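Each chain, written out:
Protein chains: 4
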Amino acid sequence: MTATTAISRRSSDVSDLRSRLFVTRQLTLDLAAPLSDADATIQPFDDASPAKWHLAHTTWFFETFVLRDHVPGYQPFDERWAFLFNSYYEAEGPRHARPRRGMLSRPSLDQVRAYRLHVDEALDAAFASLPPSALALIELGINHEQQHQELFLTDILATLAANPLEPAYAEAGPSPCYAIEPLTYHRGRDGIVEIGANGDSFAFDSETPRHRIFLSGHQLANRRVTNKEWREFIAEGGYRTATLWLSEGWDWVCREEIQAPLYWGRNETEFTLAGRREINPAAPVAHISYFEADAFARWAGARLPTEAEWEDFAASADPNLGNQLDEAGSAMPRPGGGMFGDVWEWTQSAFASYPGFAPVEGAVGEYNGKFMCGQFVLKGASCATPRGHSRASYRNFFPPSARWQFTGVRLAQDA
Amino acid sequence: MTATTAISRRSSDVSDLRSRLFVTRQLTLDLAAPLSDADATIQPFDDASPAKWHLAHTTWFFETFVLRDHVPGYQPFDERWAFLFNSYYEAEGPRHARPRRGMLSRPSLDQVRAYRLHVDEALDAAFASLPPSALALIELGINHEQQHQELFLTDILATLAANPLEPAYAEAGPSPCYAIEPLTYHRGRDGIVEIGANGDSFAFDSETPRHRIFLSGHQLANRRVTNKEWREFIAEGGYRTATLWLSEGWDWVCREEIQAPLYWGRNETEFTLAGRREINPAAPVAHISYFEADAFARWAGARLPTEAEWEDFAASADPNLGNQLDEAGSAMPRPGGGMFGDVWEWTQSAFASYPGFAPVEGAVGEYNGKFMCGQFVLKGASCATPRGHSRASYRNFFPPSARWQFTGVRLAQDA
Amino acid sequence: MTATTAISRRSSDVSDLRSRLFVTRQLTLDLAAPLSDADATIQPFDDASPAKWHLAHTTWFFETFVLRDHVPGYQPFDERWAFLFNSYYEAEGPRHARPRRGMLSRPSLDQVRAYRLHVDEALDAAFASLPPSALALIELGINHEQQHQELFLTDILATLAANPLEPAYAEAGPSPCYAIEPLTYHRGRDGIVEIGANGDSFAFDSETPRHRIFLSGHQLANRRVTNKEWREFIAEGGYRTATLWLSEGWDWVCREEIQAPLYWGRNETEFTLAGRREINPAAPVAHISYFEADAFARWAGARLPTEAEWEDFAASADPNLGNQLDEAGSAMPRPGGGMFGDVWEWTQSAFASYPGFAPVEGAVGEYNGKFMCGQFVLKGASCATPRGHSRASYRNFFPPSARWQFTGVRLAQDA
Amino acid sequence: MTATTAISRRSSDVSDLRSRLFVTRQLTLDLAAPLSDADATIQPFDDASPAKWHLAHTTWFFETFVLRDHVPGYQPFDERWAFLFNSYYEAEGPRHARPRRGMLSRPSLDQVRAYRLHVDEALDAAFASLPPSALALIELGINHEQQHQELFLTDILATLAANPLEPAYAEAGPSPCYAIEPLTYHRGRDGIVEIGANGDSFAFDSETPRHRIFLSGHQLANRRVTNKEWREFIAEGGYRTATLWLSEGWDWVCREEIQAPLYWGRNETEFTLAGRREINPAAPVAHISYFEADAFARWAGARLPTEAEWEDFAASADPNLGNQLDEAGSAMPRPGGGMFGDVWEWTQSAFASYPGFAPVEGAVGEYNGKFMCGQFVLKGASCATPRGHSRASYRNFFPPSARWQFTGVRLAQDA
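Residue numbers (the UniProt record's numbering), protein chains in the order written: chain U, 1 to 415; chain F, 1 to 415; chain R, 1 to 415; chain Z, 1 to 415.
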């Protein structure tokens, strides 16, 4: 999931925007509250980032594209930090190599907090006089920071999981205990439908333009695959049966010795943000790769939905409901749930441009477009997605082997 | 490009099939005629195969799926060879590791020729009494072998290119010298169109079922990008401008120090099956990766066509025309040409299943389906494609960094 | 440099031992004083360790081999930590993988300090009643911890060097400015000499037994190679002349693009524990690999000394003189200096066992012996070596490409 | 084992030299007789070379250093081949990358034979008028080619072992069946001894100068370790006991999953030049690495001999006796045997220069000296060593993990 560019802010007036900005900025700080400087410094693997880096990078985004570009006389907090906290914007010059982000014990977490304060105060002071183009970048920056809030949680989960002591990020109460709803399928619409952002609210460039697409007969499952069902897949040799897997997926299973979802351990436990816990059989399976989702579907005599099938199916669902992120704490998938929340759902659709897609001009245009290769689309939202961030047209994407996000699966079938 | 499964042979009667079988078998032998045993043994890199391996693997296919399974009393030529020459059929048991194919100095080229003769004679003897299911596998085997004929040529080109002495595979006359047709765009059809195999002739499983799809307004170039245009791209810094490239493509360019198409060398020459030659500016550029095709299109203010745009556009073209493979020799792209021949054309479409797609039962079903991840579709045909092998619905596919095939690019635009 | 085993403590009475123990323990804490929790957590590369790990590992050594094994009723601080802080003692069970030491944000630096206090108090309480075998392990533990003090400084230098902000570990005054002594050679002794520990004081097992060896005619330089001389080597193409280098060294130079000592940067500066500073031309060159030392010697028409030549030459020098570590601060090589201090000196001798060498029994015997492969001996002491730790018979060792230690070179010649 | 430089040919008159030259040249051709062009083309791994390459490289050596440099008007066979067949002589210019030697299907084996003929005829024609310096290079070239004869056999063994069909290089009769001599130890000489080439005959530069060295009390085993003893080592968990191994060796065992000598397989068989055969329990174990030899010695309560101990011990043995290479065929270690023949014997001595060692001037000086890092000395000779090639002062050397040579072990102890 990566930053993208704003295309609309019709629906929000400026005071609402200001409010949402600082609510978002505060939530990021709250997420960091349980962490020590050292916790916030570690990079658990190349594709993840240290917590401190997320805090600083999201701030750099506002400092660069809003303050530097639109606020005369703004003094950067530290001119050397642009090199450290630019993520991948080639147009913004050279930058610290991604796999070296874990080398930054300095600046300290406190210094990064001071950086955030400096930028927040400057945003606050300048807000009233920002031009519309800057306000659009504020909107983009909010959404960008919300994406990093989710990454913050999944990266810190990976960081703590790398520690043999298995420290918990935060406490969590006992998991609710629900019966599992029987699996049924609902028929989706055939024929021409429209997908993509409808212009009612903010969306990233890759969700546009809204366009027509033809759907063949199909049906989608009423709920996500559960941990209980995943155990059956394991028990029946799912991870040892080559013919269930994509060729590249089977290579991955053999090479990485994959035998279960990412954080599953012995004695039917899994590692979570609240530490090691018993696996809840009724909860949707999480932390599975595209390869695993696809193999499971084949084993189950089903398939993954396409992005368009999912999006049209979810068009009438309320994206603000469900188990999503409202405040700092141990986000965790829960039993039940609808189209949004708990886990992102893998689709069989490669992340590609929509007909007529054009990236925004300038550095902020280096967003979704350049990742349209080797990635699959995920739809919905997870327990770590800030509520209000997602919508039916939202296009999350990851490579097929990634599984440190809260990723799950909903089955589909031809009809 | 990988073997696939037959779904139809309505249009060919048995005697035609028999004739096509042995014509195909003979062409493979002819392709090997210029090679020494050592030439045929080398594996230039992991994804390529030795020439000898192609000769034996295509034979193993007939021996296994036709003779072993349908001809009572057939004695395999050598029971140990199944281990050596199975490519990736998990259902057929363990096999020699792909990157170790170049370790097989034995069996010798002559022994492999003897193997071919043994199997051809058995096929000939059994032909009259083969059941329809076996005839369908013969049809599949012919198409499978034709795919390997193209790989044979591209792999031997890579093999000879790895030799500092730069030996030629075969002689070739001077390149024809044509004026370059000015670049224009033709508008394609909007709205619902049908793509996929129409059932008139043999097709692979991944081309089915024929289905409806919605096309937005678009236009396609009248011809492929030429070597001359590619030189301009290089001269204007195309390979040094990060913002033209997909993120993963830019990593590839930097890591592999890519600066030109695969076989281009000093002094405006390129290495070909006929040895080192002057680059023909009017010929379509070849041996470019998806990453390069995509970056070029962006540089040119255009984009790559989708598979459906290309297929609908080519529906009325005759797939048997153009510069394709008729006999052994130095296949080479030539100036001019239509939708088929010279070079395969990259599309922006990921290789994925069609609505309602179902792989064939049994080992031969381990074909296209398991490669539906991380690959892009190429359409048309190249100078190394056996004439008669391709059609508008044909779906060739390769990973985005592959470029040892004869791969080129036709531009498209929204309209 | 790795922990080793005690063979003698004849010369120290118990109260002196106790005093030295707590002086050593305190110095380690002092070395950590300038570091944040995050500084102390980072592992800059696989062969280095986080500062926090050094603090804990040296403590684990006392806890395990002294308290656990010799103090009835001792309660370990945290039973899970043995897994984290065992370095390589196979006999002590499984342990955290070395390249994953940088994943430990927990325990925090403060917790590790509490661990040190817990163990120190237990050592203090038990000291009076420790049996002689435990006192020998105390002596070993002191020497072991002194080795880690040096590694602490070189690892933290590497850690801070990995940060583009180039933070300083501690302040340092201006470098003294001396004239460079002209290079002369002194003839060493020929014939049979004795080398190895003489039994007067503590020594590691690999220094024993003292034994006879035959020396051919030779002479050693009066001082180390200086930065000024190294610049001449660079200016005359030393790093670009294959014939100066060992074959493996030349591969290393090409692959790693080596062009200067490790921390040298632009504008004749180098990165040091005191931050970026101007290179002092009169100081001995530091942070060079064996490969570089050997190539330089060849360029200079000389060679590296053997271990025995060096040791016999240094036999009458006082190992307690020179620029060595007395207190926490920015250790740095200085101009002038004798056989001990400033930089360790590479010898051409592979690290191998002495005739009659036998490792100590038990886990503490897993020390020097198991590293007798692929390592070269360094003699003397560096600016980061705790004063009193070294002696003429001391055998430091590192692989030929290592250069993050304070390593330099003294030339030798046949005579 | 690598080419080195001549220092003496006092004992051979010119006609003897001529005779030895062509006998040597012929033996190389004989060794190649059983091979197909394809067999001779394969490079089984980076450190090995194709048989064809050995044939050409040894010829290039004579062409370059004798004919080109000393025979006016000599026309090289093909000027492009110097690039292909230079091994590592930096002074001779750029060359084909070592790991790419297996890419050379051309020149063919027949062309390489023609190359040999061309050079042999030129050597023959020029022989009478060659100056002494050229004759010294002939002597060097003979010894160089003998080294490559041994490598030829070990590399072709590795090549055939990489083929699942396990073809035999040549037939061999049944192994002789001897009782195993009981293991005893013989005391070697203490005090000052001389080692190194004594100037009576040809020797490589690294064997010089002869020099004095001090030996401590020691004893050597009367015979090599047998396959039977090695089986006991395996049965008692030798490969699973970390404390028996050097640290780097244990990493190697775990990473490469080493469980037995290189070519040992199921059912107590091993792959040999004569194909798969039953392991002869009385024969000396072969194809073991230094790591294995060292671990075995530790398990046996012994140690490896030093080079000097071995050399002094062997000084009175006749290096021309024993199972060495007399003619083309399936070389194989046999039971019994003395200090020379069957297997090279690992010593604990790192390959380093002798006091006063100076490489020869010019390109031929790029021999032993540049490999004095990371290698251990092996003494004696193997079943693949051309008889007459070795002597007590001979210093073979390989890295500690190498085991595709005929390498074994003789135990030693302190006394």
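If you're looking for bench data, these hints aren't it; they were derived computationally from the structure. Mixed in with the good hints, there may be bad ones.
Stated by the list, open to error - Cβ-Cβ distance ranges computed for the label pairs, FRET-style:
1. E268/F x G217/U: 30 to 38 Å
2. P164/F x T243/U: 52 to 60 Å
3. D16/Z x N198/R: 33 to 41 Å
4. E268/R x D47/U: 49 to 57 Å
5. L165/Z x T241/F: 19 to 27 Å
6. A358/Z x H211/R: 22 to 30 Å
7. F45/U x E268/R: 49 to 57 Å
As the list claims (entries may be wrong) - Away from chain F, derived, C-beta distances all over 12 Å, residues of chain Z:
8. D37
9. G338
10. R387
Remember, it's a predicted structure, so these values are computed and weren't measured experimentally. Glycine included, each C-beta is placed from N, C-alpha and C at the ideal position.
Against the structure, the hints come out as follows:
{"no.": "1", "hint": "E268/F x G217/U: 30 to 38 Å", "in the structure": "55 Å, violated"}
{"no.": "2", "hint": "P164/F x T243/U: 52 to 60 Å", "in the structure": "43 Å, violated"}
{"no.": "3", "hint": "D16/Z x N198/R: 33 to 41 Å", "in the structure": "55 Å, violated"}
{"no.": "4", "hint": "E268/R x D47/U: 49 to 57 Å", "in the structure": "38 Å, violated"}
{"no.": "5", "hint": "L165/Z x T241/F: 19 to 27 Å", "in the structure": "51 Å, violated"}
{"no.": "6", "hint": "A358/Z x H211/R: 22 to 30 Å", "in the structure": "28 Å, holds"}
{"no.": "7", "hint": "F45/U x E268/R: 49 to 57 Å", "in the structure": "38 Å, violated"}
{"no.": "8", "hint": "D37", "in the structure": "4 Å, violated"}
{"no.": "9", "hint": "G338", "in the structure": "36 Å, holds"}
{"no.": "10", "hint": "R387", "in the structure": "29 Å, holds"}
Going through the hint list in order, the structure does not satisfy hints 1, 2, 3, 4, 5, 7 and 8.
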